[in-house]
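**Student:** Spelled out from the first residue to the last, the chains are:
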Amino acid sequence: MMNEQPDNVQETNPAAAENRPPFSIGATLREAREGMGLSVHDVVNRLKFAPRQIKALEDDDFAQLPEAAFVRGFVRSYARLLQLDEAPLLAALPDAHAQDKTALAGRQSVEVPFPSVYSLRKSNIIWLSAALIVALALGLFTWLYDKEEEKQPRVESLAVPLAAVPVSAVPAVAPAATPAAAPPAVTPPVPAPVPVAEPPHPKLLPPRAAATPGMIRMTFDEDSWVEVKDKNGQVLMSQINPAGSEQNLNGEPPFTLTIGHAGGVKLYYKGKPVDLAPNTNVDVAHLTLE
Amino acid sequence: MFGLFNGYFSNDLAIDLGTANTLIWLRGQGIVLDEPSVVAIRQEGGPNGKKVIQQVGLAAKQMLGRTPGNITAIRPMKDGVIADFTVTEQMLKQFIKKVHKSSIFSPSPRIVICVPCGSTQVERRAIRESAFGAGARRVELIEEPMAAAIGADLPVEEATGSMVVDIGGGTTEVGVISLGGAVYSGSVRVGGDKFDEAIINYIRRNYGMLIGETTAEQIKKEIGSAFPGSEVREMEVKGRNLAEGVPRSFTISSNEILEALTDPLNSIVSAVKTALEQTPPELGADIASKGMVLTGGGALLRDIDRLLMEETGLPVVIADDPLTCVVRGSGKALDRMDKFSSIFTSD
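Those protein sequences? They're chains X and L, same order as listed. Start counting the first sequence at 1331; every next residue gets the next number (this note's numbering). Start counting the second sequence at 27; every next residue gets the next number (this note's numbering).
It is worth saying that the hints were derived from the structure and are not from the lab. Just to be clear, a hint being listed does not mean it is correct.
Where chain L lies over chain X, by a calculated footprint (3+ residues, C-beta under 8 angstroms) [unchecked claim]:
1. 1370–1382
2. 1401–1408
Taking lysine to any residue pairs in the SDA-like style, the calculated list, with each CA pair at most 25 angstroms apart, reads [to be verified]:
3. K247/L / K1385/X
4. K1385/X / I249/L
5. K119/L / I79/L
6. K1385/X / K119/L
7. K1559/X / F1585/X
8. K1477/X / I1456/X
9. K247/L / F1585/X
Residues on chain X that point at chain L, a partial pick, calculated with CB under 10 angstroms [unchecked claim]:
10. D1391
11. L1395
12. P1396
13. L1420
14. A1573
All residues carry an ideal CB built from backbone N, CA and C; glycine is no exception.
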């Protein structure tokens, strides 16, 4: 408050003098007091205000006095003590004091919430959940991607031969492609069947053709259920293969095969076609390859 | 949704639901109602006669102690809190209806009501519920010392201690306020009613005369004082002589009333002293230099400021228009309801 700072006395005094109505509260009070023969000390004893405050009031020096509400009460008590009419005195109080604008004016506050343990924990939780959501999204994406991949499980592992496929058709580069494909495949003449398989399913077969180096190779003209077990009885394959697909299997011989719809399946073992007809009972072929 | 809609048709209210008087402050209009908290209820005739509210406010107060058998004039508030829930609710409803002229929509205003700081949670809940029952859309409670301090224009938001003593009809509230909050607040259930009671008891004991509450109040207002003054005033009082059983008149002086009021005044003085004892020294220093402010109807008792000044040795000033300080303060709080939500009590 302005009126609590003694520095402002010089500034406020002339201003108060300007606004002051012809009659001065301080002078009126002082005259009345002296008229009654009371000293400042008597007034202090009676009103309990400090002598400096009483002097300030009599000098109309409101900067030295407390807030407006108190000054009004002060003037009222003083007037009553001096048996004066309080109304004109109160009316003469400067407006700045009559309306204390500071009451409930709202202090300029920073309004920054204090970082409590709770709020820290809360922000942690937010970060944690955000991280969790990201991780979940990533996981989901990977899973979906993998699922798509499953349809062409071998493509990935045979990336190099895949690149070599078109090349394999070109004689000049064929040797380069073959060694790359050679290690898994035992037999060099693998590319040979490729042209065979190619015509019916040009789209699907090239990658399959590249996957040739299997001991057992099956091409399916019809949907067929096939089960293949190796020497240890481990199931290498047990599934329905769609028409037009091709399967390559490696393992330890002897292999036990059960082939449904044997009529629509062509079987090659170590690159040589195997005739299923002798082993076929009704439509299912049971045979062992050594 | 309808509440929101109705909000446009009803102004917000601040209510000082006092033991003696109820004051209502209407946003944009100021104090629109100042009536005694009295309700006159008439019992209809017949075996299944229902109760009807005959009068509220001033008209009902004139009936106090003068009612026939089928009418009871009651004061539903006692010691600053609700003594009769249903009647208080009805009274509030009637008062709100009086100040709300809107007839098409039933009023559903936001209401700020002040409660004594010493009231219990149950008592506060009762006041809140009765305001809801009277049709309020939203009810906020504000403690009386805070409302009185705001109403007396004290610098409540400043980092300076302001002490306010609100002597109401049922309670005396003492509060030390700084930075928009109550540093200390205390309440004693002594107020104007206790003064009246003390006067009735004194006259019965010393004069053998029985007087009514209204007469006691009149005596208090005319010649009551809290500190021995230079002039002795006298008043002629009429009452019923207990021994003879007939009305008699007698004269009583201000000194006798001062003697009668000693007990309740001492309670107030000790409440103020307790507050000063509990106040942190920095704030105590502020109070010592600025003084404490008296509000409420009790501040109008002659020389009560003098009594407190002499007892505490601190300056004591009386606020402007002490009777309406609390409701004006509540009104100011209502105006800034959204900004100063912290000054309302939560329970």
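**Student:** Each hint: holds or not?
**Tutor:** Each hint tested on the structure:
no.: 1; hint: 1370–1382; verdict: holds (count 5)
no.: 2; hint: 1401–1408; verdict: holds (count 5)
no.: 3; hint: K247/L / K1385/X; verdict: 34 angstroms, violated
no.: 4; hint: K1385/X / I249/L; verdict: 34 angstroms, violated
no.: 5; hint: K119/L / I79/L; verdict: 11 angstroms, holds
no.: 6; hint: K1385/X / K119/L; verdict: 52 angstroms, violated
no.: 7; hint: K1559/X / F1585/X; verdict: 5 angstroms, holds
no.: 8; hint: K1477/X / I1456/X; verdict: 31 angstroms, violated
no.: 9; hint: K247/L / F1585/X; verdict: 120 angstroms, violated
no.: 10; hint: D1391; verdict: 15 angstroms, violated
no.: 11; hint: L1395; verdict: 9 angstroms, holds
no.: 12; hint: P1396; verdict: 4 angstroms, holds
no.: 13; hint: L1420; verdict: 8 angstroms, holds
no.: 14; hint: A1573; verdict: 65 angstroms, violated
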